[in-house]
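My request is simple: use the sequences and hints to build the entire structure.
Sequence order for the protein chains is V and R. Its first residue numbered 1, the first sequence is counted upward by one per residue in the working numbering. Its first residue numbered 1001, the second sequence is counted upward by one per residue in the working numbering.
Worth flagging that the hints you see were computed from the coordinates, not collected in a lab. It cannot be assumed that every hint is accurate.
[Claimed, not checked] Here are some chain V residues pointing at chain R (derived, C-beta under 8 Å):
#	residue
1	R82
2	V84
3	A242
4	N251
5	S255
6	M259
7	I266
8	F269
9	F273
10	F278
11	L370
12	P371
13	I375
[Stated by the list, open to error] Taking lysine-lysine and the DSS-like style, the derived pairs with C-alpha atoms no more than 27 Å apart in a straight line are:
#	chain 1	residue 1	chain 2	residue 2
14	R	K1004	V	K402
15	R	K1275	V	K292
16	R	K1004	R	K1122
17	R	K1126	V	K292
18	V	K292	R	K1033
19	V	K120	R	K1275
[To be verified] Here chain V is said to cover these stretches of chain R; the calculated rule only asks that three of the stretch's residues, wherever they fall, bring their Cβ under 8 Å from a Cβ of chain V:
#	stretch
20	1006 to 1013
21	1016 to 1030
22	1234 to 1246
23	1274 to 1288
24	1298 to 1307
Glycine included, C-beta positions come from ideal geometry on N, C-alpha and C.
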Amino acid sequence: MAHFTKATSVKDWLNQRLAIEKVEKVLASEYWIPKNINFLWAMGMVLVVTFVFLLVSGLFLLMYYQANIETAFYSVNFTIMREVDFGWLWRHVHGVAASVVFLIMYIHMFTGIYYGSYKKGREMIWISGMLLFITFSAEAFSGYMLPWGQMSYWAGMVITNLFSGGSLHADGLVEWIRGDYVPAQAFLTRFFMLHVVLLPLAIIGLIGLHFAALRIPHVNNQDGEELDFEAESKKYLAGDKAGSKVMRFANDFMSKDMMVVGVYLIFFFYLVFYNYGFAMDPVNFDPADGLKTPTHIYPEWYFLWSYEILRPFSIDIGLIAFAFAQVIFIFLPFLDRSPNSVPANRRGLFKFWFWGMLVDMIILTSMGKLPPEGIFSTIGLIAALVFIAMWIVLPLITKNEKQVQGEIDEK
Amino acid sequence: MKNKEPIILAVVVFFTLVLYYLVEPYAHHVMHKQIASENFVYADLPAIEKQGDVARGAQLVMGVGACVGCHSINVVGLAPVMDAVTSAKGYGVNPPDLSNVGVIYDEKFLAHLIKNPIEALKVEHKYGGATGLTHPMMAFSGAGGDLDQELADMVAYLKSIAMKQEEVTPKIAFELACGRCHAVNYEKWTQIGTKPNFKDEKDALAFDIQTLEYADSLKGYLGIVPADLSMYIRSRGEHYISTFMENPQNYLKGTAMPRVGVSAESAEKVIEYLKDAGDTKRAQREEVGKSVMIYSIIFAIFALLWKKEVWKDLH
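As structure tokens, this is what we get:
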């Protein structure tokens, strides 16, 4: 057993038992971050802030929400929106944050792809991040069921139907997932459970894994330069703060994080109060009605690209393409065969791959919302084929990529 | 080292805006019919040029016009003969009390409604002509004089007994224009009136049964029980509701819903009523929004200053 002495202060008392000074060093003051980064590196903190908004607003909503198909819509649109003090505010914050969190996640992902932050020991950061993305998607979908509006009901119907596997006709599986032949009480209650307990637990666990995965390889930098964190941090601690290539997480990097968060909050609250329509679909303000199919059924914007990969094909091929799109990003660290971990603009063909993928996903997203008619379905089909083709050629173009020096341009 | 952040920010903002434009304004533009407001002028109905005479109008409304055979006029002491539920059994819908029709409805529309309800209400596909069905409201074929003059007289009378424009509340406008067919649960409005707070559950249930009976008559009249409008301001939006009221056939060809015929001012009141029902906290949202924006900007300024302070030593 460790030897304990009479504490000289509260801090000392805690230090002997919890090693708080050491913990603080490991997590903050001696957690070393490269200096050569830009504001895109703050997206992690922006996501943490948004997640906290979701969590806190969700707790308040949970106090009044009723997971019952007879009263769910009323509890959201009457009780929370009209009766509860500031209930409308919590709902708008929750709805807008749920949408914006995906925008930030996509920016975060494409930042990682652009700077090659999934290679050279950073594979687990990428994989845990993609697992978070998938869990967040499930969380968003399950949450969308809860107001029990028309879009909740019909999106629930369409998405759970996918599990019948087309020609496999696994209707038993669909019924098992729904707990009924159609979305009804059993369906709502289980999605409620998933949304407020199981998935948030999984998300919090995965966030822990995502952070832990950063610990050993450290954060990447703008030039993909391999830093000697040991030596650079010694330089910093010796007083050469300006000469060292690294800085403390707190307060050095955190001050920049907070600056970006500050700008982000202006944008976020502008959306919450003045431009929330994109996050709260009008169709979902009609109560669920199993006998009235809405004219257009579409998922929230962040699912549209993968929805569009499903849609232009026949059911079986569509499902295979859809499944492919859902998982393929996880394998990026292994499909990119190039030894270079530098920004995409210095990587030959990969540069075109990166911008092509970004543009293709934006095209898929917009076609996913438009009705699948005429030119829109043609564009959607081409964009879906391009998406698949790009992933197939990725190993080929990256295998022959010329090695570039990870040098920094000191201009 | 060159600072690339402005260009990076520009790239992020550019792609975000393109995405937003395609998914929101553009997609909705493609998916939904664009119908411009006609400003409630009812251009398809010819203008009635004659000057109306209130006294003669009163005689016509009470006499040859036979309006009071079905309609009550509470403001001049003509109470309804039957309650709403019984009336609806006979007519399909409870005929409106005429006290305030002169202010809620457009005057040209009113004149044409009296003259030819099927045309004014745009329900040719349901009544008259080939359908062989008679509209519950009879057309007024004239008292023997100049028809346009008689119509102008009747409208003048109806306007003379109505309340002033500035006295019209959103609730009064809504009840007369929409409320005999549409319920608004969140405002406790039913098609037979505001549901009172009953002490006795028996009374509450009795009221509900009356409402259901009324709804049955509506179903016979219109084919369905018209939708509850509580959340329509969020599910349909102001522009849609306003232009739908102007002419439902523009959106839903063949719908049983008649043209409402309200004046532009009344339409605004109706919209306000629906905002009170479905977007109740809009004033508070504006107010809180302003404070939160100011707070966010101050937070961002302090965060920027803190960053500058901390990074002073890092360069």
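*Hint by hint, work out which the structure violates, then give me just those numbers in ascending order.*
2, 13, 16, 19
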